[in-house]
Amino acid sequence: AQSVAQPEDQVNVAEGNPLTVKCTYSVSGNPYLFWYVQYPNRGLQFLLKYITGDNLVKGSYGFEAEFNKSQTSFHLKKPSALVSDSALYFCAVRDSSFGNEKLTFGTGTRLTIIP
Amino acid sequence: EPEVTQTPSHQVTQMGQEVILRCVPISNHLYFYWYRQILGQKVEFLVSFYNNEISEKSEIFDDQFSVERPDGSNFTLKIRSTKLEDSAMYFCASSEGQGSHQPQHFGDGTRLSIL
Chain A
43 AQSVAQPEDQ VNVAEGNPLT VKCTYSVSGN PYLFWYVQYP NRGLQFLLKY ITGDNLVKGS
103 YGFEAEFNKS QTSFHLKKPS ALVSDSALYF CAVRDSSFGN EKLTFGTGTR LTIIP
Chain B
2 EPEVTQTPSH QVTQMGQEVI LRCVPISNHL YFYWYRQILG QKVEFLVSFY NNEISEKSEI
62 FDDQFSVERP DGSNFTLKIR STKLEDSAMY FCASSEGQGS HQPQHFGDGT RLSIL
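As you go down the protein sequences, you meet chains A and B in turn.
Quick note: to get the numbering used here, add 42 to the position in the first sequence (first position is 1).
Quick note: to get the numbering used here, add 1 to the position in the second sequence (first position is 1).
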């Protein structure tokens, strides 16, 4: 079984400040972890992934995420928030078991950057 | 950048009618997926499709649902007899190659409204 928790429905950050969007996961095997962003009336846009290797992964638009195996977390971060970062963010996990293709998503976190 | 395209963007259908949602995946991708998002809820996996057959499906994907790749470019989701609870945003996705570490790329979705 695989699951994802995003504990915050809403995160507000002042423009220019660092931001963090939290995600924890649960899988039977090894996790493949993803972050997606959704803008209004649009689909899910891939931001970054963790598969193996360096725990800090970098993605699009200056976002990065840190994989922490002991805490089963994969928090999304950005050093300096922009107003254009305001959107709905989804964390997703895939168990690395062969034949498992489905992504399991969290409930999403609405990020609002305040000018 | 290549995109997954979905048509129509909005479909309104009477309960009990059949509906077909269409998707054109990214051209060199080999794995195809359908997800749905009921308003206010999380994105849920429906089905994955590879080599002209279903590779995995969720408990949501019952006998009223079917998928097809009728030609080299389209990937369709058919709901035979729609119910009110089928109202949702339906997302098509595709990924290249084999392996669970490949990110899935999503279309902008079809909003299905059942009356």
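Please note that the accuracy of each hint is not assured.
Taking lysine-lysine pairs in the DSS-like style, the calculated list, with each CA pair at most 27 Å apart, reads [what the hints assert, rightly or not]:
(1) A:K64 - B:K43
(2) B:K43 - B:K79
(3) A:K64 - A:K91
(4) A:K100 - A:K111
(5) B:K43 - A:K119
(6) B:K58 - B:K79
(7) A:K100 - B:K43
(8) B:K43 - A:K91
(9) A:K100 - A:K119
(10) B:K43 - A:K111
(11) A:K91 - B:K79
(12) A:K91 - A:K119
Just so you have them, the derived chain B footprint on chain A, three or more residues with Cβ under 8 Å [unchecked claim]:
(13) 54-68
(14) 84-91
(15) 115-121
What the hints contain is simulated information worked out from the structure, not anything from laboratory work.
Glycine included, each C-beta is placed from N, C-alpha and C at the ideal position.
Against the structure, the hints come out as follows:
1. A distance of roughly 16 Å separates the Cα atoms of K64 (chain A) and K43 (chain B); the hinted pair therefore holds under the 27 Å criterion.
2. Note on K43 (chain B) and K79 (chain B): the hinted pairing holds, with a Cα-Cα distance of about 21 Å set against a maximum of 27 Å.
3. Distance hint between K64 (chain A) and K91 (chain A) is fulfilled; the C-alpha atoms sit about 15 Å from each other, no more than 27 Å.
4. Simply put, K100 (chain A) and K111 (chain A) have alpha-carbon atoms about 17 Å apart, close enough for the 27 Å limit, and the pair holds.
5. Using a Cα cut-off of 27 Å, the hinted pair K43 (chain B) and K119 (chain A) holds, with the two alpha carbons roughly 22 Å apart.
6. Restraint check for K58 (chain B) and K79 (chain B): the C-alpha separation of about 14 Å stays at or below 27 Å, so the hint holds.
7. This hinted pair checks out: K100 (chain A) and K43 (chain B) have alpha carbons roughly 25 Å apart, not beyond 27 Å.
8. With a CA separation close to 19 Å, the supplied pair K43 (chain B) and K91 (chain A) stays within the 27 Å bound.
9. Straight-line distance between C-alpha atoms of K100 (chain A) and K119 (chain A) comes to about 10 Å, which keeps the hinted pair within the 27 Å bound.
10. A C-alpha spacing of about 24 Å is found between K43 (chain B) and K111 (chain A), which places the hinted pair at or below 27 Å, so the restraint holds.
11. Taking the CA atoms of K91 (chain A) and K79 (chain B), the gap is near 31 Å; set against the 27 Å cutoff, the hint is violated.
12. This hinted pair checks out: K91 (chain A) and K119 (chain A) have alpha carbons roughly 13 Å apart, not beyond 27 Å.
13. Remark: the stretch 54-68 of chain A is not confirmed as covered by chain B, as 0 of its residues place a Cβ nearer than 8 Å to a Cβ of that chain, below the required three.
14. Coverage of the stretch 84-91 of chain A by chain B holds in this model, with 6 residues showing a Cβ closer than 8 Å to a Cβ of that chain against a need of three.
15. Counting residues of the stretch 115-121 of chain A whose CB lies closer than 8 Å to any CB of chain B gives 0, which falls below the minimum of 3, so the coverage claim is violated.
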